[in-house]
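Colleague: Okay, here's what each chain looks like letter by letter:
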Amino acid sequence: MPTFVQILDFIGTFAFAISGIRLASAKRFDWFGAYVVGFVTAIGGGTIRDVLLDVTPGWMTNPIYLICTGLALLWVICFSRSLIRLNNTFFIFDTIGLALFTVVGVGKSLALGYPFWVAIIMGGMTGAAGGVIRDVFINEIPLIFRKEIYAMACIAGGVVYWLCDAIHLESYACQMITGITVFLSRILAVKYHICLPTLKGGENAANAD
Amino acid sequence: MPTFVQILDFIGTFAFAISGIRLASAKRFDWFGAYVVGFVTAIGGGTIRDVLLDVTPGWMTNPIYLICTGLALLWVICFSRSLIRLNNTFFIFDTIGLALFTVVGVGKSLALGYPFWVAIIMGGMTGAAGGVIRDVFINEIPLIFRKEIYAMACIAGGVVYWLCDAIHLESYACQMITGITVFLSRILAVKYHICLPTLKGGENAANAD
Amino acid sequence: MPTFVQILDFIGTFAFAISGIRLASAKRFDWFGAYVVGFVTAIGGGTIRDVLLDVTPGWMTNPIYLICTGLALLWVICFSRSLIRLNNTFFIFDTIGLALFTVVGVGKSLALGYPFWVAIIMGGMTGAAGGVIRDVFINEIPLIFRKEIYAMACIAGGVVYWLCDAIHLESYACQMITGITVFLSRILAVKYHICLPTLKGGENAANAD
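Residue numbers (the UniProt record's numbering), protein chains in the order written: chain U, 1 to 209; chain H, 1 to 209; chain R, 1 to 209.
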């Protein structure tokens, strides 16, 4: 069982690192900068989760995350021309990463004895916080706050995990169903342009505080 | 006693969440983004404090902070029109939140056995760090670094707590006087346009490093 | 031995605080904002390292870092005119700080029993993460991701530490050689305009995720 989760974790790491490296490259970062942004995109969410759960972050016990990010950087350096045509492929990869990270985040929190509402937040954080740090580093407003059903897909997955657990499904089944929920939520949201309403606070709000 | 501090904590959470949600709405964040920014504004300072003090952040042991932020979001969605007219009310709320968070931050650090100079910093961090994360998320230079006596009011409150403790006042009295100090410092600073001097480093400084 | 490391730590703190305060002053921060940015530049990297290593951050056990930053602020306030002419001096100071922080970061991680590849990352983080937080606070893309051999000098130093340790040099000698490596790497990189290649991801990458 842990091996299965680990394999998924590594695939997700690769996909997220690619996402960070590509956005860094669009901002003319050098190789080191791109590597760091890729690495932080991949492990940032899990690291914040582990700091909050007071356990040692996974990447400090296993160098595979560093290697994964290195391979992602190599990939982008070698195939930068063809990457643009692969946008759809990367979208799928990124969504797989999102699903896997959510499952890992919820599962780890539950294993540590936290209640479900904490685990759901930790799932969403594992999936989405890396992308927020990435966007802060490239000096953009985090994408997930404005445009897409992204973190909401993680939250939906977390709730489904909770329901599956409530009807006493095996943890393996819970994780499969959760992952599929996250994956499909995001794919369908993008395909049918489903998004959350925007707040209308007015221009004066900015002066309020 | 803990119940009294908890109640104050919840009022402060609501006020801070409103502040985050309003600024997010001015940037056209969706509901999810606004919720996250509101939540982080409310619990960000306390979370960094708790991570540094190596205790479990308060919001992970009690879902009231999530609920508070949800109510704040609902409030902004329902009453967005009238919010602009309420700027002064929110200024008062926000200042109450600042005072309460400072008291909670100083008190918690002292209870954990840290010296007073650490507790004063933790008080300021509890009050002001959430707003810094908020401003980073909406891609603005943090307001408190440039414009207002904000965090300085927390620091002043922390020093007053220290003085009250030094003359052996009851902890209840220390907390009341600290809260009032923070509240009045900020109100008076805004009313009389008191602000700290600005540094004049010159344009070449930006090339220095 | 600890006293030697501590003295170096304080010199590095002063240099890094100056760097933060000068950039803050270029953005018209007030004294408080400049102090906070200087402080975070100085202790930010070490604090993230200590949170990840699960030990209490150094500045919470010793007020010298706060005092150092206060002296740095006083210096900038008093000598702001002459600071521009001192750019080269500050470049040297900053590079000394970088070298010292790397040595402290690697040494502390090894002392806590972490493997070398973690220690190297922690060395780089101690040296460079404070500057990243500084740049996020002043709302700029972190400089180290784009322009200079900066964090790479820390990484080089960490690798040299590892090699020195592998041939069983005294820890004092390891630290001296590591520090000199970091210092010379950065000086030479700036003098001869050595920099890492930039990624060419194309404009469409920004739309990918």
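Everything labelled a hint here was simulated from the structure, so no lab data went into it.
Mixed in with the good hints there might be a few duds.
To be verified - Ranges of calculated distance between the beta carbons of each label pair, as one might list FRET restraints:
hint: 1; chain 1: R; residue 1: L188; chain 2: U; residue 2: I11; range: 35 to 43 Å
hint: 2; chain 1: H; residue 1: E140; chain 2: U; residue 2: W117; range: 51 to 59 Å
hint: 3; chain 1: R; residue 1: L188; chain 2: U; residue 2: F10; range: 52 to 60 Å
hint: 4; chain 1: U; residue 1: I167; chain 2: H; residue 2: L71; range: 25 to 33 Å
hint: 5; chain 1: H; residue 1: I67; chain 2: U; residue 2: N62; range: 33 to 41 Å
hint: 6; chain 1: H; residue 1: L169; chain 2: U; residue 2: V55; range: 37 to 45 Å
hint: 7; chain 1: U; residue 1: T61; chain 2: H; residue 2: L71; range: 37 to 45 Å
hint: 8; chain 1: U; residue 1: L169; chain 2: H; residue 2: F10; range: 44 to 52 Å
hint: 9; chain 1: R; residue 1: V190; chain 2: U; residue 2: V55; range: 53 to 61 Å
hint: 10; chain 1: U; residue 1: N62; chain 2: R; residue 2: H193; range: 32 to 40 Å
hint: 11; chain 1: U; residue 1: V55; chain 2: R; residue 2: L74; range: 52 to 60 Å
What the hints assert, rightly or not - Computed far set for chain H versus chain U, every beta-carbon distance over 12 Å:
hint: 12; residue: S25
hint: 13; residue: F39
hint: 14; residue: A166
hint: 15; residue: A173
hint: 16; residue: L188
Source: prediction; values computed, not measured.
No residue lacks a Cβ here, since even glycine has one placed at the ideal position from N, Cα and C.
Colleague: Now tell me if each hint is right for this structure.
Modeller: To see whether the hints hold, each was checked on the structure:
no.	hint	in the structure
1	L188/R to I11/U: 35 to 43 Å	holds, 40 Å
2	E140/H to W117/U: 51 to 59 Å	violated, 31 Å
3	L188/R to F10/U: 52 to 60 Å	violated, 37 Å
4	I167/U to L71/H: 25 to 33 Å	holds, 30 Å
5	I67/H to N62/U: 33 to 41 Å	holds, 37 Å
6	L169/H to V55/U: 37 to 45 Å	holds, 40 Å
7	T61/U to L71/H: 37 to 45 Å	holds, 40 Å
8	L169/U to F10/H: 44 to 52 Å	violated, 36 Å
9	V190/R to V55/U: 53 to 61 Å	violated, 40 Å
10	N62/U to H193/R: 32 to 40 Å	holds, 37 Å
11	V55/U to L74/R: 52 to 60 Å	violated, 42 Å
12	S25	violated, 3 Å
13	F39	violated, 9 Å
14	A166	holds, 34 Å
15	A173	holds, 30 Å
16	L188	holds, 18 Å
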